[in-house]
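Asks: From first to last, the protein sequence lines are chains A and B.
My numbering puts the first residue of the first sequence at 1, with every later residue one more than the last.
My numbering puts the first residue of the second sequence at 1, with every later residue one more than the last.
In case anyone wonders, no lab produced these hints; they're calculated from the structure.
C-beta: ideal position from N, C-alpha, C; glycine also.
Do not take every clue at face value.
Ranges between beta-carbon positions, derived for each pair [what the hints assert, rightly or not]: (1) A/ASP289 <-> B/GLN275: 49 to 55 Å; (2) B/LYS202 <-> A/ILE173: 36 to 42 Å; (3) A/LYS288 <-> B/PHE274: 54 to 60 Å; (4) B/LYS326 <-> A/MET309: 39 to 45 Å; (5) A/GLY148 <-> B/GLU30: 55 to 61 Å.
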Amino acid sequence: MPTFPLTMPKLSPTMEVGTIAKWHVKEGDFVEAGQLLMEVSTDKATVEHNALDPGFIRKITVKEGQEAKVNELLAVMTEGKDDPIEEIKIVQTLAISTPESRTETAPVAAAQFKEARGSRPFASPLARRLAKKSSIDLSLIKGSGPRGRVMSRDLAGLTFSGNEEGLSPIRKIIATKLQQAKRDIPHFYVNQAIDVTKLLSTREKLKEQGITVNDLIVKACALALKEHPNINSGFDGVRNVILRFQSIDISIAVDVEAGLITPIVFEADKKALPELSTTIKGLVKKAKDGKLLPAEFQGGSFSISNLGMFGITSFNAIINPPQGAILAVGGAQERLKMVNGTVTAYQEMVVTLSVDHRVIDGAAAAKFLKTLKGLLENEQL
Amino acid sequence: MALIEMREALRQALDEEMTRDSRVFIMGEEVAEYNGAYKVTKGMLDKWGPKRVVDTPISENGFAGLGIGAAMTGLRPVIEFMSFNFSFVAADQIISNAAKMYYMSGNRFSVPIVFRGPNGAAAQVSSQHSHCVEAIYSNIPGLIVIAPSNPYDAKGLLKSAIRNNNPVLFLENELSYGDKGEVPEEEYLVPIGVAKVVTEGKDITLISHSRMVKLCQEVAVTLKAKGISVEVIDLRTIKPLDIATIKKSVEKTHFAVIVEEGHLFTGIASEVAFQIQDGCFESLDAPIARVCQRETPMAYSKALEKETMPTIERILKTIETTLSRKI
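Let the sequences and hints guide you as you build the complete structure.
Replies: As structure tokens, then:
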């Protein structure tokens, strides 16, 4: 094959088009088999691609930054440095023509090219199995075995070598639901630092009644939601309608052995602190024991995820659809601030509201957090 | 544990089984007065007397048949062939009677007999006395074929063979009779049909039996120094073949080489290779390879004899090709 084409390789199972991010060779260069030719940006990543056959780069038809479909001609190569250039045209026709016209014009070079590659990559049974498992296209791998056979070592680094684990039913729900939420919901995040010095001392007083910091936060959220019903809203992505929830039903993220579950405190705004606290305790216990009824965790109008007990500063939570917002609560940390010219120590807690921009805008989120901050800093809850 | 020779381990097995079961007796050429051609039965005549340690004329077909008849009528004979090459003279008795009797008699006669003796090449005994018979006899349904590589297995397997109710071919090796190995003082058995990983490794599996196991172990030591971890499997019993142990290993290493003293064509290696690809095709990263006796009658010449049989060099070269990397 004195003249042969270099075409756009299929670098991932879903790749249809690639962009030449960088050429590592120029016209007239000689390339060895295995030498780095170019970097191709695909739908997944930018991938380096090496030459499969040695030869001279005679003409580059797709420049850096340009796109080409899979199997489209990128460059014309020749075996010899000065092989006749006339054949380029033939090869070019081949590369961009349809399969039907290909047979009509079928030049010798094309037949040889096809034969050299073969339709079935040469690979060991193990390499085939590993490639299949990791969705690797064996035709793109240069084999190091006898006669170019692809062996498992040629896939090193490309295959997954750990143990695969099936999804438990709860894991499957978490995976599906959160993937969908993160993909479909235009999240934005609003942070608010809150001075919780007073809140923590209030909690000390209420400790004997079994009231926790989390209970106070749930209560404060319920009151803030009452004041801002636009936050107590959601979005039905299927019907494209905004949902205005009638009652304030707060889902609380509970870490259980199997994963994560969100039992609901119904009408949280109407419950006094002790009742709220008892309700939450009951729900958490049921969740840990795996005894929650569907009605107890399906639904809700707003969510709270609290990782404060682990001492983390802040984090961003994924919205629990069809709800429109979720509050991520960090841990209280001692900070210093200036109060009337004096350095004062205080306890700071950072909360982050993840918001569905389809329902709630930035200003609304900010106003809600301002109310929440006021409640947590000053009010007797 | 005592360090004893293979011949001593075999003698202990015979002696213990004769003590345990009065139906067990030994018969063969030179087993009694001469104390055995390779001294396996040394002192046995003195201890057990001529009724249980019986010298025969040079008539393999005759005394093999005699043994089979004795087994059918309730005794448990151990028949020694001075060499398994001579078993060919008795092949009709072994194949048509010992192996078939249980079937032909509608389960009325089992044949609890052991044929034992040296198998394979020794030191320059040429083509008619160097044969490896395992591939020939393993082709026959009804026979158990055992080929131990060391004193411990030899003793434990011979005891199991004597207690087994089927005809067993117990293949020893002349060059291994003097090999020493640790054997426990207390009684033990080695089960029939269970292979053993004698060297653990992760890069390639070497499968062998009888004297060739030693070669494989030497290869493993050589390659360990070069950073290649070789797993060596001693088949111990050829038939029934313990493919599970082999499979487990190949699924780990992805490469298999079979080393067999016997001939290439339709050898034990062919069967093992078939069963590997049948059982773990998708674990193989290269074709299965074998190192066997070359396809020629055994030469008398010392140099040619060595080259006819598998050598360490040949095994190394085959591993290099199989792994497709320089070693």
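Asks: Taking the hints in turn, state whether each one holds.
Replies: Hints versus structure:
no., hint, verdict
1, A/ASP289 <-> B/GLN275: 49 to 55 Å, "51 Å, holds"
2, B/LYS202 <-> A/ILE173: 36 to 42 Å, "40 Å, holds"
3, A/LYS288 <-> B/PHE274: 54 to 60 Å, "55 Å, holds"
4, B/LYS326 <-> A/MET309: 39 to 45 Å, "58 Å, violated"
5, A/GLY148 <-> B/GLU30: 55 to 61 Å, "60 Å, holds"
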